[in-house]
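Asker: Sequence:
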Amino acid sequence: MVNFGMRLAREKWAPWAGEYIDYDLLKRKIQEILDARAEGGHRLAAEGALKDVFIGLFDEEVEKVLQFFAGKAKELEAAVASVEAATRDALASPLSTQVQLKQLDTALRKLMAPAHDITHLLGFISLNLAAVRKILKKYGKSVEASHAAHAGYLSLRIEHPHDAAWSMMQGTLIRNERAQDLDTMQRHESLVALGGRTKAAYEQLHQRRDALLTAEPALVPAANGAAAADGRERGQALRRSCSSFKYTPKFAVVEDVAEPVEEMAAVLEAMAAARTLAQRNASFVRAQPTWTEKQAGIFEPPPTDEEAVATPLGLMLNCVNSGLYMANYNLVIPTVTKLCEHIGVSNSAVGIIIGCCDIATIPGTLGYSIWTGYSFKAPLLASAVACLVGNLAYSLSWDARALWLLVLARLMTGLGSARAVNRSYIALFVPRAERTSASALFVSLSAIGMALGPLLALPLSRFPELTAFGLTFNKLTMGGWTMNVAWLIFLLVAGFLFEEPKRSEMPPLPNMDAIDQPLLAAEAGDPIKAAPDNDSDDDTSMHVASAEVTDGGAPRKGPLRRCMGFFNSQAGATVCSIWLCLILKVVQQAYIDGLPIFTEGAYGWAPSYCGILLGALGLSAPLVNFSVGGLASRGLPDRVITVASILVTGLGAAALMKGPFPRATFFVAGVAVYMGTIVMEAVSMSLCSKVIDERLAKGLFNAGLMSTQAGTFGRFMGNMLLSAAARVTRTNTVDEIVNFAAVLFGTAAFWMAVSLAFVLATYRHLVG
2 MVNFGMRLAR EKWAPWAGEY IDYDLLKRKI QEILDARAEG GHRLAAEGAL KDVFIGLFDE
62 EVEKVLQFFA GKAKELEAAV ASVEAATRDA LASPLSTQVQ LKQLDTALRK LMAPAHDITH
122 LLGFISLNLA AVRKILKKYG KSVEASHAAH AGYLSLRIEH PHDAAWSMMQ GTLIRNERAQ
182 DLDTMQRHES LVALGGRTKA AYEQLHQRRD ALLTAEPALV PAANGAAAAD GRERGQALRR
242 SCSSFKYTPK FAVVEDVAEP VEEMAAVLEA MAAARTLAQR NASFVRAQPT WTEKQAGIFE
302 PPPTDEEAVA TPLGLMLNCV NSGLYMANYN LVIPTVTKLC EHIGVSNSAV GIIIGCCDIA
362 TIPGTLGYSI WTGYSFKAPL LASAVACLVG NLAYSLSWDA RALWLLVLAR LMTGLGSARA
422 VNRSYIALFV PRAERTSASA LFVSLSAIGM ALGPLLALPL SRFPELTAFG LTFNKLTMGG
482 WTMNVAWLIF LLVAGFLFEE PKRSEMPPLP NMDAIDQPLL AAEAGDPIKA APDNDSDDDT
542 SMHVASAEVT DGGAPRKGPL RRCMGFFNSQ AGATVCSIWL CLILKVVQQA YIDGLPIFTE
602 GAYGWAPSYC GILLGALGLS APLVNFSVGG LASRGLPDRV ITVASILVTG LGAAALMKGP
662 FPRATFFVAG VAVYMGTIVM EAVSMSLCSK VIDERLAKGL FNAGLMSTQA GTFGRFMGNM
722 LLSAAARVTR TNTVDEIVNF AAVLFGTAAF WMAVSLAFVL ATYRHLVG
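Numbering-wise (this note's numbering), the sequence shown opens with residue 2 and increments by one.
Be aware that a few hints might be false.
[Claimed, not checked] Simulated crosslink set (PhoX-like; lysine-lysine; CA at most 20 Å straight-line):
1) Lys75 - Lys65
2) Lys75 - Lys52
3) Lys52 - Lys111
4) Lys52 - Lys142
5) Lys75 - Lys28
Keep in mind the hints are simulated off the structure, nothing from the lab.
Just need the whole structure built from these sequences, with the hints factored in.
Answerer: This is the structure we're talking about:
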């Protein structure tokens with residue numbers, strides 16, 4: 002078995018030898034840590050310092066690689082542009098056929114140098130990212146499994162090539178701003194584009210050359226035929242060697258090529274092989290979103306500098322839109338029972354009425370996500386109009402005494418949820434350096450809006466009842482009119498001042514087919530299959546449990562084994578994180594929307610006092626999130642915080658089963674439920690970003706949309722649970738309210754127990 006250090010020494014491009022990660026040095030530092038641990042005593046006390054030395058050296062090595070890649074990529078951009086100019090001159094030459102052939106051959110030879118460098122730089126990516134993965138894997142297995150990054154610094158997620166369930170997080174001392182450079186190298190889209198341009202130039206030159214030789218075959222001397230045969234032989238040998246290395250294609254630079262066509266074709270095949278290898282190795286190492294980005298539901302990689310076109314006003318309008326919507330959503334909670342009483346609807350309908358908002362939000366969010374592919378301004382304006390209509394219907398429902406108007410109000414408010422648009426604006430157009438602050442603004446304004454909605458009940462509680470134009474203006478209807486004033490201001494500002502983001506009109510990057518075919522497919526085959534990476538270089542081999550095998554050789558698994566396999570897989574961890582996003586909202590929404598039933602029915606509180614309580618809980622959410630982020634940055638694993646939050650929520654729900662008395666128990670238990678779900682929301686979003694497949698980080702059905710939809714559906718289920726419990730027990734007397742609490746919070750406690758069992762079953766695969 003060849004260890005990775007030897008492979009790195011053998012496969013790296015000699016002229017750039019000093020620019021690669023010093024794998025052997027880092028490995029020696031790990032051994033020093035292990036030696037200190039084995040010796041104990043005073044040496045054991047030095048272990049922490051040795052760990053810091055390792056992390057510092059690792060960060061320096063990664064910085065070195067990123068700087069070299071960025072500089073070399075710029076050089077290649079200029080080189081390819083120069084070669085393209087030479088190609089155009091050669092193709093436009095009006096001289097004789099023989100002179101044109103010489104010019105074409107000269108252009109082909111000039112093309113060789115950047116083609117070689119592109120291939121070597123792709124190999125540079127492959128080797129260095131493989132080195133990052135292997136050295137951190139070795140560190141995690143030998144020294145410590147996880148090292149959380151502090152706030153403002155980058156965390157890397159490392160995956161195993163053949164064990165989808167294995168992954169680890171590693172904190173670094175690399176500033177978050179450098180994550181853009183790591184993303185650029187990992188995606189290497191500009192390098193792939195340069196490869197595509199190089200191949201296009203080669204094909205143009207080759208076609209013109211063939212056309213000239215076909216028109217005048219006498220210009221093909223015997224010596225050229227021998228040179229062509231020699232070039233073909235070298236090309237075939239190069240194709241056979243494309244897969245002889247594990248991380249890079251093996252080939253040699255040939256000076257003074259007599260027949261450049263075959264040689265260039267072989268180099269392009271090596272380039273395709275290098276691109277495939279680089280893409281594969283890059284997929285196992287990636288920078289993680291910051292804690293604040295996770296809370297905002299933003300998992301997409303940051304935009305390039307050219308695509309980062311967000312304006313301060315555009316960002317602020319998107320964040321304000323989210324805050325206004327959250328205020329609108331929670332506006333009715335303190336007063337909905339009084340409004341239902343006026344209309345003549347029982348309290349059992351409260352959950353259904355509030356839940357109508359979530360029914361509309363689920364398809365609305367999907368529609369807005371599709372709409373953002375064409376415009377960002379139009380969805381923002383549409384959301385404002387929907388909320389205006391919803392608030393108008395809400396206020397009119399008092400005089401009309403119409404349940405259908407109240408339901409329409411909630412449906413239209415749900416259609417006004419453009420949070421998917423707000424998240425997409427930040428994800429697609431805000432540069433990496435400003436992403437954390439933009440995400441923090443989004444989360445903060447959303448939390449403030451969530452609190453201000455119920456708090457409006459306090460100042461409006463003193464509003465006198467007035468009648469004008471046949472409409473009633475009182476403390477219940479004024480909430481809708483007040484929100485409409487805010488939405489009208491937003492609509493005017495956004496309509497006149499919001500700038501539609503200018504999307505880059507760059508041609509699509511060449512895909513795998515553009516580079517790999519037809520050159521690679523003809524003779525070389527799949528380079529990955531020819532050089533399988535069992536990840537055994539310099540690492541302990543992974544134990545694989547044997548399964549029952551049928552006579553045909555295929556594994557046969559019974560239902561129990563398949564079930565256990567699900568819980569022991571990445572898919573199980575992904576489903577668990579999405580489940581947590583859903584179930585926490587079920588419990589949280591059932592508690593929040595049911596609070597007025599307890600405070601008014603059992604305590605005789607006015608809606609304004611309930612609004613104050615809800616507002617205070619809402620304003621505490623950012624502080625709780627900040628505290629949880631601090632714990633995570635100090636190394637406390639997300640899965641540990643998750644288990645703790647489930648236990649706190651479950652115990653709080655169990656205590657609430659006793660009903661609204663004694664009051665102290667009811668309020669303390671309620672705070673435990675609310676804070677527990679807030680913490681659970683924070684860590685479930687963080688877990689989701691770590692365990693979910695990278696392919697779901699982008700696209701329409703991305704992780705952010707899935708977690709958002711799960712939360713929305715959870716709110717709907719919480720409201721339905723509230724209505725079902727109220728219908729079963731009724732809430733007209735204190736005794737009925739006590740029974741209502743037992744059913745409502747008993748169900749919540751049961752689902753917390755189920756969630757705890759689910760988390761423990763997938764605990765090993767919940768990264769962090």
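Asker: Run every hint past the structure and note whether it holds.
Answerer: Verification of the supplied hints:
1. A C-alpha spacing of about 16 Å is found between Lys75 and Lys65, which places the hinted pair at or below 20 Å, so the restraint holds.
2. Only pairs whose Cα atoms come within 20 Å are accepted, and Lys75 paired with Lys52 is rejected, the gap being roughly 35 Å.
3. Distance hint between Lys52 and Lys111 is unfulfilled; the C-alpha atoms sit about 48 Å from each other, more than 20 Å.
4. This hinted pair checks out: Lys52 and Lys142 have alpha carbons roughly 14 Å apart, not beyond 20 Å.
5. Taken as a hint, the Lys75 and Lys28 pair is broken in the structure, with Cα atoms around 32 Å apart against an allowance of 20 Å.
Violated hints, in rising order: 2, 3, 5; the structure is consistent with all others.
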